[in-house]
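What follows is each chain in one-letter form.
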Amino acid sequence: MEEFVGLERGVAMFGGLVVGTTALTALINDWQATGLDNNVTKLMLGLMVVGCVLVVLTAFHALGAPSV
Amino acid sequence: MAVGAIVHGTPSDAHDEPVDSLYAETRDMRLLGFVLFLISDVVLFSAFIFAYLYLRNSVPQWPPLGADGKQLPRFDTLFAAVNSVVLFGSGATMHFALESWKHGAKKAFNAWMASTIILGSLFLAGQAYEYIHAKVTWAGSTIGASFFTLTGMHGFHVLVGVIYLIVLMGQANSGVYTKLKHFGLTAGTLYWHFVDVIWVALFTLFYLI
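Sequence order for the protein chains is G and V. End of the first sequence sits at 68 in our numbering; the numbers just go up one at a time, nothing left out. End of the second sequence sits at 209 in our numbering; the numbers just go up one at a time, nothing left out.
To be clear, the hints were calculated from the coordinates, so they are not data collected in a lab. Warning: the hint list may mix true and false statements.
Calculated pairs, DSSO-like style, for lysine-lysine (alpha carbon to alpha carbon, straight line, at most 27 angstroms) [said to hold, decoys possible]:
| no. | chain 1 | residue 1 | chain 2 | residue 2 |
| --- | --- | --- | --- | --- |
| 1 | G | K42 | V | K181 |
| 2 | G | K42 | V | K135 |
| 3 | V | K70 | V | K135 |
Chain V residues, not near chain G, derived (Cβ > 12 angstroms throughout) [what the hints assert, rightly or not]:
| no. | residue |
| --- | --- |
| 4 | L44 |
| 5 | F48 |
| 6 | I49 |
| 7 | V59 |
| 8 | A80 |
| 9 | T93 |
| 10 | A111 |
| 11 | S121 |
| 12 | A145 |
| 13 | T149 |
| 14 | M153 |
| 15 | F156 |
| 16 | N173 |
| 17 | G175 |
| 18 | V200 |
Beta carbons are placed, not taken as given, at the ideal position from N, Cα and C, and that holds for glycine.
Construct the complete structure from the given sequences, taking the supplied hints into account.
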């Protein structure tokens, strides 16, 4: 996979930013929504944003050990 | 407005129907039951995660030494990051699918559902690729056993989720759900978000720390 490292980093960075921004926007839009389903959705959207932040930091080599 | 049109599509195919009293009365109970099911799944994953953390802390170095006395390699973090983006992206498309349905945009719903199913399948394909090229085996080491057990269990949940979404899409298109009566779609969305969130934990545990 060494030959695809640059491509993988680009996809992870761009994808993480796009998906993270989308999830954050959805979270902000749903913030006022009430009810069990909406509250669980908000929690999960928040955790998804955290996941996207982790992915972007990984792409920037700020997180994660070097791959073997 | 433009973003709203992209997400929700045109409301020309709106499908309003009154909510019957039985549905209204039982919806909250079914929702609570489904959330309790998700919590029980969290407990299941937590048990395996704590077993992994116990094994991890019972050896002086991680990854542990292999049978040949050399330290076993770490997993491919960058590839997992790409696969994570695919899964998180499917969570976003699933969210838009439900929102489209709530706004009565059936065409947009179908497009977002199809995207979710494709992205979920891509994630599974990525995981299969990773399994084939893994430098550890299930029986060869504690890191391999933990990795294949936890990610395999998660992958099984994703596989079930993909089948679940296909069934939901079929039901939605055959008139089982309406704009106001769509508990199945709500449950499907919650389940799909759940497999996303579990992956955040597994990605952190196996690839980042």
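Quick one: which hint numbers does this structure break? Sort them smallest to largest.
When the structure is compared with the hints, numbers 2, 8, 9, 18 turn out to be violated.
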